[in-house]
Every structure is written in C-alpha cells, then in structure tokens.
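Chemist: One-letter residues, chain by chain:
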Amino acid sequence: MFALIDCNNFYAACERLFEPRLEGVPLGVLSNNDGCVIARSEEFKALDIPMGIPTHKIAPHLRRRIVLKSSNYTLYGDLSARVQQVLAQQVPTLEPYSIDECFLDLRGMREDWHALGAALVRSVQRQVGLPVSIGIAPTRTLAKLANRQAKTQPTRPQVCVWQSADAPELAAHLARLSPREVWGVGERLNARLAGMGIVTAAALRETPDSVLRRRFSVVLARTAAELNGQACLSMGDLETPRRSILCSRSFGQPLRDRASLAGALRHHCQRAGEKLRRDAMQASAIGVYMRTNPHHAGSFHQACEWAALPFPSADTQQLNRAAQRLLARLWQPAAYQKLGVMLTELTPRRQSQTTLFDGAEPARQEALMHAWDTIRARYGRQALTLGPQPADAPWQMNSAYRSACYTTRWDELPRARAR
Amino acid sequence: MPMTPIAPAASPTPASSEALSRGASGFPSPADDYREAPLDLHRHLVRRPASTFFMHLEGDAHRHAGLHHGDLLVIDRAISPRPGHWLVAVIDGELSVLRLERRQSRLYLAPSQPRLAALPFDPDDARLWGVICYVIHALPAEGEE
Numbered sequence: 001m002f003a004l005i006d007c008n009n010f011y012a013a014c015e016r017l018f019e020p021r022l023e024g025v026p027l028g029v030l031s032n033n034d035g036c037v038i039a040r041s042e043e044f045k046a047l048d049i050p051m052g053i054p055t056h057k058i059a060p061h062l063r064r065r066i067v068l069k070s071s072n073y074t075l076y077g078d079l080s081a082r083v084q085q086v087l088a089q090q091v092p093t094l095e096p097y098s099i100d101e102c103f104l105d106l107r108g109m110r111e112d113w114h115a116l117g118a119a120l121v122r123s124v125q126r127q128v129g130l131p132v133s134i135g136i137a138p139t140r141t142l143a144k145l146a147n148r149q150a151k152t153q154p155t156r157p158q159v160c161v162w163q164s165a166d167a168p169e170l171a172a173h174l175a176r177l178s179p180r181e182v183w184g185v186g187e188r189l190n191a192r193l194a195g196m197g198i199v200t201a202a203a204l205r206e207t208p209d210s211v212l213r214r215r216f217s218v219v220l221a222r223t224a225a226e227l228n229g230q231a232c233l234s235m236g237d238l239e240t241p242r243r244s245i246l247c248s249r250s251f252g253q254p255l256r257d258r259a260s261l262a263g264a265l266r267h268h269c270q271r272a273g274e275k276l277r278r279d280a281m282q283a284s285a286i287g288v289y290m291r292t293n294p295h296h297a298g299s300f301h302q303a304c305e306w307a308a309l310p311f312p313s314a315d316t317q318q319l320n321r322a323a324q325r326l327l328a329r330l331w332q333p334a335a336y337q338k339l340g341v342m343l344t345e346l347t348p349r350r351q352s353q354t355t356l357f358d359g360a361e362p363a364r365q366e367a368l369m370h371a372w373d374t375i376r377a378r379y380g381r382q383a384l385t386l387g388p389q390p391a392d393a394p395w396q397m398n399s400a401y402r403s404a405c406y407t408t409r410w411d412e413l414p415r416a417r418a419r
Numbered sequence: 001m002p003m004t005p006i007a008p009a010a011s012p013t014p015a016s017s018e019a020l021s022r023g024a025s026g027f028p029s030p031a032d033d034y035r036e037a038p039l040d041l042h043r044h045l046v047r048r049p050a051s052t053f054f055m056h057l058e059g060d061a062h063r064h065a066g067l068h069h070g071d072l073l074v075i076d077r078a079i080s081p082r083p084g085h086w087l088v089a090v091i092d093g094e095l096s097v098l099r100l101e102r103r104q105s106r107l108y109l110a111p112s113q114p115r116l117a118a119l120p121f122d123p124d125d126a127r128l129w130g131v132i133c134y135v136i137h138a139l140p141a142e143g144e145e
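Chains as they are written, first to last, in the numbering used here: chain A, 1 to 419; chain B, 1 to 145.
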C-alpha cells in the first residue's frame with residue numbers, strides 16, 4: 001500500500017500557526033516579489049478571487065476584506081521538514097513529493113489502514129500544528145486520488161482508504177472522474193483520450209494495455225495499470241507539470257564526501273533545469289533532499305530544506321547555486337544513499353515577473369540555456385556539464401507582507417503574552 | 001529509529017575527532033579512551049526537534065512564578081498537558097501563556113492577571129498551542145565578557 005499525505009492549504013496554515021488571529025480570515029499568499037496570489041485559504045476561495053490573479057487587480061472592496069502575505073519559504077520549508085520528520089518516526093519509507101505533499105511507501109506493513117492514517121494525521125496536527133489529509137491505496141496513482149477524496153470529507157481526521165483496486169466505492173468514484181484528474185494525464189492527453197471515447201478514469205483503466213501502449217505511451221499504460229492496483233510507477237516517472245519537479249537518484253555506492261555530493265547535486269540541477277525548460281516553466285522555490293540507507297545498521301540521517309529563488313527561474317545555474325547553498329547547510333558526515341532536487345511553484349515562462357535586475361541578464365541567460373540545451377542535444381549529455389559554481393550574493397526580494405521567520409531566526413521568534 | 005534533526009537548528013558538529021586526537025607528532029593522545037562528546041545544551045533542551053518551538057514571553061504578569069518579560073520559552077507540542085503545566089494557548093486570537101490548573105476535578109486555564117477569569121479547559125481543547133517545558137532567563141551578565 002501507498003499513502004499520500006497532503007497539508008491542507010499549506011502556506012495559509014503555516015501563516016496561521018504563528019498568527020492565530022488569521023484563523024477564519026480570507027488569507028492569500030503572494031508569489032515572489034508579491035506579484036500575484038499563489039495560495040488561498042478556504043475563506044479566500046469562497047470570495048471567488050481566482051488563483052494567480054495579479055495583486056493589483058484585486059478589486060478594492062475585496063482587498064479590504066482579505067489579508068495578503070508575501071510568501072515565506074523559510075518558514076514553509078522548516079515546517080515542511082518538521083511534518084516529514086514526524087511522519088518518518090512512524091513509517092519506514094517516505095518520499096517527499098513537493099513542499100506540502102509526501103508519499104509513504106507502506107509495502108511490507110500490515111496495519112489497520114484507517115487507524116494508521118488517523119494516527120498520522122493526528123500526530124502531525126498535534127506536533128507541528130498543521131492540518132493534513134491522507135489517502136491510502138494499493139498504488140501511488142490511487143493514493144493521490146484517495147487523498148483528493150479525503151479532502152472532501154467534512155469530518156476530521158480526513159482519511160480515505162481504498163483497500164483494493166476492486167473496492168466498489170473506488171469503482172464508483174473512477175466512473176465519475178475525468179481522466180484529466182489522474183496523476184500524469186495532462187490536458188492534451190485528455191483530449192486525445194476523449195477523441196477515442198475514453199472520458200472517465202474507469203474507462204481508462206478498462207482500456208487494454210496493448211491499445212494504450214500502441215496509441216499512446218508505456219507511461220500511460222502504466223498509469224492504467226496503477227488504476228487497476230498494480231504498482232508500477234515510481235516518483236520520477238511522472239510529475240504533474242504545473243506543480244512540481246523532482247529529480248532524485250539512489251547512489252550505487254554510498255557517498256560520504258561533500259565534493260561528490262555537490263557533483264551529484266549539479267547533475268540533478270541540470271536535469272531539473274532541462275525539465276523546466278522543456279515544459280516552458282519556471283520555478284519559484286527549490287528543495288534539496290538527502291538520506292542515508294534506512295535498511296543499514298547505524299544511525300539513519302535524512303534531511304530536507306527549501307529555499308526561495310531570487311526570482312522565478314528556469315536557469316540551471318541559478319537552480320544550482322541555490323541547491324548548493326542548501327547542501328552546505330544540510331550536509332553531515334554520513335554515508336548518503338540518496339539525493340534529490342525538488343522544484344515547486346511552477347509557472348509558465350511568459351508570465352515572468354520582472355525585477356529591477358531583470359534587464360539584459362535574463363535574456364542572455366535564456367540564450368545561454370538555449371545554447372546549452374542545443375549542444376547537449378546534439379553532442380550528447382557529456383559534451384557539456386555544469387561545473388562548480390561560485391556562491392553568489394542572494395538577490396533581495398520584494399516581500400512587503402512577509403511574516404517573520406518564526407522558527408529559524410532568533411530575532412524573529414513569535415511572542416506569547418503573559419495572561 | 002534514531003533520527004538526526006532535519007531542518008531546525010541542527011546541533012553543531014563537534015570538531016573533527018581526527019584533528020583533536022593526534023598531537024603534532026602523530027601519536028594518539030592517552031586521553032583518547034576517556035573522551036566523550038561535549039555537552040550540547042540544545043540537544044538537552046530540545047528532545048524532539050520536530051515538535052519544539054521557541055517563543056519570547058511578552059509581559060510581566062507571571063513574574064511571581066519566575067517567568068519574566070523577554071524570557072525564552074521552549075515549547076514542545078508533543079507533550080500532553082497536565083495540571084501544573086504552563087501552556088501556550090490561543091486566547092482572543094493571540095498566543096498567550098497561562099497555567100493549567102485543576103479545581104474541583106475540572107481543568108482551567110488560569111491567568112495571573114487579576115482582571116481575567118479562569119477559562120474551563122478540556123483535554124482536546126482547540127485553544128492549546130503547546131506545553132512550555134523550559135524557560136530561559138537572562139541574568140545581568142548576559143553577553144558580557
């Protein structure tokens with residue numbers, strides 16, 4: 001079995017944890033440089049202010065009723081790491097998927113899944129103070145759908161378990177669900193499926209494997225198999241294009257020294273940058289995840305941290321600089337078995353927000369990245385690789401309404417009133 | 001499963017043992033067998049990094065109990081509240097510090113400010129934020145050399 005744990009309205013929940021007066025208030029979180037709304041509380045959604053709306057386009061009468069916060073990735077990253085840490089105390093294998101989502105590999109465990117799910121939700125709520133929901137099912141693809149289903153439950157804890165792919169409630173759910181809602185099925189794929197009369201997830205999983213392989217791809221055939229309860233997709237196989245990108249790999253030999261890890265990280269940044277540019281996207285935040293082998297004797301170490309990029313970027317060099325800084329902070333003398341890079345808050349390239357520094361530099365970098373991709377495509381991936389990067393001064397960001405870094409800076413700790 | 005802290009203030013790694021244990025001549029020090037890791041106050045005060053948070057106390061209402069304005073509070077959300085504990089609770093939308101008391105078998109959040117009334121409290125109270133396990137108070141010599 002697999003589980004997907006997702007923090008409900010994560011950014012808004014992080015803000016409210018240290019500013020409880022924001023509870024029940026329509027709360028929106030802004031992108032880098034305060035350009036547009038990237039996260040909304042339930043109350044904010046109820047006002048019908050759409051996701052992605054530029055900050056200056058919010059009508060004045062609505063503007064008065066809402067609270068806006070600049071994004072605070074330092075805070076969100078710290079709380080995200082705490083959520084993972086709490087989960088890691090209770091389940092053996094956890095795979096961070098984005099800043100607010102985490103897959104749990106529960107294979108080999110025999111549990112009352114409802115009880116386990118409820119216990120995990122409760123312990124995250126209690127120990128970190130963030131509301132989460134959990135979906136548990138035989139495959140990652142189904143777990144993701146189960147999680148979505150859990151979020152619609154009015155009662156807490158929000159847990160949805162599909163014991164097997166044949167569960168009648170699952171079959172009924174898939175019969176009502178568009179293939180578009182399934183992990184890895186994009187807009188274009190959905191349109192092609194519709195052209196063949198495949199308009200529900202149930203129809204997708206009943207389509208013969210050979211047909212999907214011949215007319216679409218192996219990946220879609222695997223997705224259908226996952227809907228039928230056969231776990232055959234790993235995390236790297238699929239990303240939802242809009243939300244996040246993950247590049248990670250286990251090492252053949254455990255890596256101890258920082259230089260080798262830095263090299264591996266450069267490699268992942270290269271791939272992550274290429275994926276971004278391939279999809280014409282740019283990322284706002286980057287995370288680095290590393291762990292030792294959980295099955296070996298000795299102490300297990302895993303760590304994950306996030307940082308905001310100075311501005312949304314698809315530039316490999318930019319990604320690598322941020323990732324190397326995170327590595328320097330996370331590294332401990334241990335035998336690492338896995339290292340990964342995660343990118344989140346992806347937006348289409350053309351909606352780029354300009355900063356003071358955006359003049360000639362990005363155009364040149366874009367040309368450089370284009371040349372980079374062309375050379376690597378033509379002469380092979382080894383023809384050109386990313387060398388060591390000098391650390392650069394971090395760019396100053398515009399974040400007028402940023403909350404304090406409540407958990408990472410001594411001079412920004414929250415204050416509690418003596419009553 | 002043994003865990004090292006992930007993000008929050010990981011303890012500083014002790015200096016390389018190799019460098020410490022060998023003198024200039026390269027012979028191992030006879031003290032090697034007796035060496036232990038230095039005391040790490042952070043690890044002592046922060047047993048569960050994932051659920052431990054720091055705050056500053058605002059106001060002198062609890063001065064009689066030894067909690068002063070500006071003191072550093074170490075809060076562990078994993079601790080279950082019991083009578084006699086000092087809690088951070090959300091009162092009127094504000095992070096607040098009160099003592100949990102039992103009076104005639106009922107639990108109350110007991111304020112020190114005389115104008116405030118005690119608030120009935122139940123074990124799953126949504127107002128609970130966390131239990132304070134340490135208070136760090138600076139004395140006049142703080143920061144001097």
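Watch out, some of these pointers could steer you wrong.
[What the hints assert, rightly or not] If you want a taste of the chain B side facing chain A, the calculated C-beta under 10 Å gives, among others:
no.: 1; residue: R47
no.: 2; residue: D76
no.: 3; residue: R82
no.: 4; residue: H85
no.: 5; residue: L100
no.: 6; residue: E101
no.: 7; residue: S105
no.: 8; residue: L107
no.: 9; residue: P111
no.: 10; residue: Q113
no.: 11; residue: L116
no.: 12; residue: I132
In short, the hints are calculated from the structure, not lab data.
It should be emphasised that the depicted structure is a prediction, and the values quoted were computed from it without experimental measurement.
Where a beta carbon is used, it is the ideal one built from N, C-alpha and C, also for glycine.
Chemist: Take the hints in turn and mark each one as holding or not.
Modeler: Hint by hint, here is what the structure shows:
With a least beta-carbon distance of about 12 Å to chain A, the hint placing R47 (chain B) at the interface is violated under the 10 Å criterion. With a least beta-carbon distance of about 9 Å to chain A, the hint placing D76 (chain B) at the interface is held under the 10 Å criterion. Among the interface hints, the one on R82 (chain B) is violated; its C-beta lies about 15 Å from the nearest C-beta in chain A, farther than the 10 Å criterion. Of the supplied interface hints, the one on H85 (chain B) is violated, with its beta-carbon coming no nearer than about 14 Å to a beta-carbon of chain A, more than 10 Å.
This hint is violated: L100 (chain B) has a C-beta 12 Å from the nearest C-beta of chain A, more than the 10 Å allowed. At a threshold of 10 Å, the smallest CB-CB gap from E101 (chain B) to chain A is about 13 Å, leaving the interface hint violated. A distance limit of 10 Å between C-beta atoms decides the matter here; for S105 (chain B) the minimum to chain A is near 23 Å, and the interface restraint is violated. With a cut of 10 Å, the hint placing L107 (chain B) at the interface with chain A is violated, because the nearest CB-to-CB distance is about 16 Å.
Below 10 Å, beta-carbon pairs count as interface contacts, and P111 (chain B) has one with chain A at about 4 Å; its hint therefore holds. For Q113 (chain B), the interface hint holds, the least distance from its beta-carbon to any beta-carbon of chain A being 6 Å, beneath 10 Å. Checking L116 (chain B) against chain A by beta carbon gives a least distance of about 6 Å; that is within 10 Å, so the hint holds. With a cut of 10 Å, the hint placing I132 (chain B) at the interface with chain A holds, because the nearest CB-to-CB distance is about 9 Å.
Hint check: violations occur at hints 1, 3, 4, 5, 6, 7 and 8; the rest are consistent with the structure.
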